[in-house]
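Q: As a plain string of letters, each chain reads:
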Amino acid sequence: MLGTLFTLIFLLSLYFSVLSGNAAQTGNALLLGAQEAIPFCLGIAGSLCFWSAWMELAERCGLAARLSDLLRPLLRRLFPRSSQSGEILSALGENLSANLLGLGNAATPAGIRAARAMAALGEPARDELPLLVVLNTASLQLVPGTIAAVRASAGAAAPFDIMPAVWLSSLLSVCAGLGAASILKRRWPSCR
Amino acid sequence: MALLSLTPLLLLGFLCLYARLRGCDVYQALLDGADKGLRLTLELMPALVLLFALIHTLRASGLGEYLVDLAAPLLRRLGVPEETALLMLLRPLSGSGALAVASELITRFGADSLIGRCAAVMIGSSETTFYVIAVYFSAAGVRETRWAIPAALCADLACFLSAAWICRLLWG
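Going line by line, the protein sequences match chains A and B.
The numbering used here applies: residue 4 is where the first sequence begins, and numbers increase by one.
The numbering used here applies: residue 240 is where the second sequence begins, and numbers increase by one.
It should be emphasised that the hints constitute simulated quantities derived from the structure, not laboratory data.
Glycine included, every Cβ here is placed at the ideal spot set by N, Cα and C.
Heads up, none of these hints are tricks.
Calculated cross-link-like contacts (lysine to any residue; reagent style SDA-like; alpha-carbon spacing at most 25 Å):
hint : chain 1 : residue 1 : chain 2 : residue 2
1    : B       : LYS275    : A       : ALA68
2    : B       : LYS275    : A       : ARG63
3    : B       : LYS275    : B       : SER333
4    : A       : LYS188    : B       : THR384
5    : A       : LYS188    : B       : LEU332
6    : A       : LYS188    : B       : LEU396
7    : A       : LYS188    : B       : ALA373
8    : A       : LYS188    : B       : LEU400
9    : A       : LYS188    : B       : ILE388
10   : B       : LYS275    : A       : GLU62
11   : B       : LYS275    : A       : CYS44
12   : B       : LYS275    : A       : ALA48
13   : B       : LYS275    : A       : GLY107
14   : B       : LYS275    : A       : GLY65
15   : B       : LYS275    : A       : LEU103
16   : B       : LYS275    : A       : PHE53
17   : A       : LYS188    : A       : PRO76
18   : A       : LYS188    : B       : GLU383
19   : A       : LYS188    : B       : LEU392
20   : A       : LYS188    : A       : LEU124
21   : B       : LYS275    : A       : LEU45
22   : B       : LYS275    : A       : SER50
Rough simulated footprint, nothing fancy, chain A against chain B, three-plus residues with beta-carbon under 8 Å:
hint : segment
23   : 277–283
24   : 286–297
25   : 301–313
26   : 369–382
Chain B with its partners taken away, still in its complex shape (with noise of 0.2 Å):
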């Protein structure tokens, strides 16, 4: 566990190391790319603050977990924790509303709980599906999507149950 933590320092050391011995300014490109981040981050304010007062709208009128007791029985089977049921279905479709359930879950259950690895594993290996497609395709001119579609919801769902596997395995 001190070599994982260790993973990302070394890393940013390595990174640091490599850039300054190739003649880079990397006070000038770090300070550049923090001004990227936070120019990201107000790029995703307005679309969370709208997500967050769904997501609350929806779990306290009882919606979110008539939703999770619908799902439940088919994700108990599978050993995905069945919390985890609107996330899995709003991530292909919406970065930033997936984004405000993994928050509010990994918030209400503890960052280290299980629901709560569960919730940030699935996010940090999947995409906003639909929206990928969308892009690459109407940039490249083609209308027919063909096999895209069915095969990249595949990867989703090897993604999601996937990552509840693993998290049970590993933090169960």
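Same shape as in the complex, but just chain A (with noise of 0.2 Å):
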């Protein structure tokens, strides 16, 4: 899919820098495009590394264990099913709390331990797994790390004073998701 998208954008550009007659400026800009990147990776190396350090050790010192356990409640309710099972609850719980701690590379993997476990319950609480896929599809990040990073390099006075708009708009996102997801689980058509 991606390798169409890239084909599509890149034959449009062609097609209007041909059109606008600056191609030669449109080839200038591919190479120097290119050639941006290693440094912008370069600038946001930095505070990346920086930020996964501090993560890991929230991982490591048993904090995304912790805050694992004080979200059981609230998944209790957002999965009355599957939840019942507590493998799943507590996959459940280390994949929101990666999620939040901004630990993607561990909450993949718990979240599908959940999904495989809750595909595999059958029909009622395979009817959540849209929900876990919601849940993960809105980015709940604490501190936005990698964007904070491009901020920072690129000169900003605090790169992490967006970091409320980010919460708000993380939240009203979820809220959205959860809604929409169970407006459409009662009038989608295969369910009955």
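Reconstruct the complex from the two isolated chains, following the hints.
A: Structure (structure tokens):
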């Protein structure tokens, strides 16, 4: 899918550059863009390493596990069927807490474990699988490390001052996703 | 504002203390984490080189401007800066593509500009929706995604709109 998208955008750009008569400029931009990517990556590498260091510490010292325990009541409400299985509940907790802490590498395996177990449980629990996916596509991250790194390297006065906006916007997006899921679930044709 | 910039520091201080009190090897954990971060950056690099080239081409060719103009009337009515059109289009499809677009916006307009902040909040509060859906459903062996895609796209839409409105409210 990404291959198609890349080809599409590339060919459309070529078409437009010929049309608008700035083909030379476009060729230049192509090389310049590639060139710029490396300083960009180096610019954010330091902050990325730094944040990922602290997130690793949060995971190792048991703070992530603590957080996932705290999230259990909430998860029981969101996933009434699948949370009856202790194994799924703990995988869900791990997934959500890793997402909150920005530990993408830890969140995905836990989420996949939960998804597999949910699918294995059969029909009623399977209905909660889209919910898990919605929860994971909404990016509930407490510290938006990567984009703060980009802002810092672009000279932001306070790279983290967007945090409250990010929290609120994530929260609204999760609520919209959960709301849409619960409405669509009732109207979905294949589900009686 | 002073309190806000203190938040990350306080969090780190608390984390450090908590870890030490629980007898964790703080320095080793940090070192290993930094190592993972470096690997992550390295993993990002090839995709970003290609996508930076693509996005610069897109802008220089005039296609970017065309797309922005196309989306502008609707976006302006919704109160969303029209320059973020491409970002919103790419966000659910490609994480590094969206990051490349966002960083281009942030450097072009400035990190503390409304558009720069708006792009940052949009990226920070959304995910690569289609990638996540593909990973989870294929891992679970479930072929019918049912209402997951429309619901997740609703979440994305809400995220972009609220990001734009909140930024406008706070820094507009």
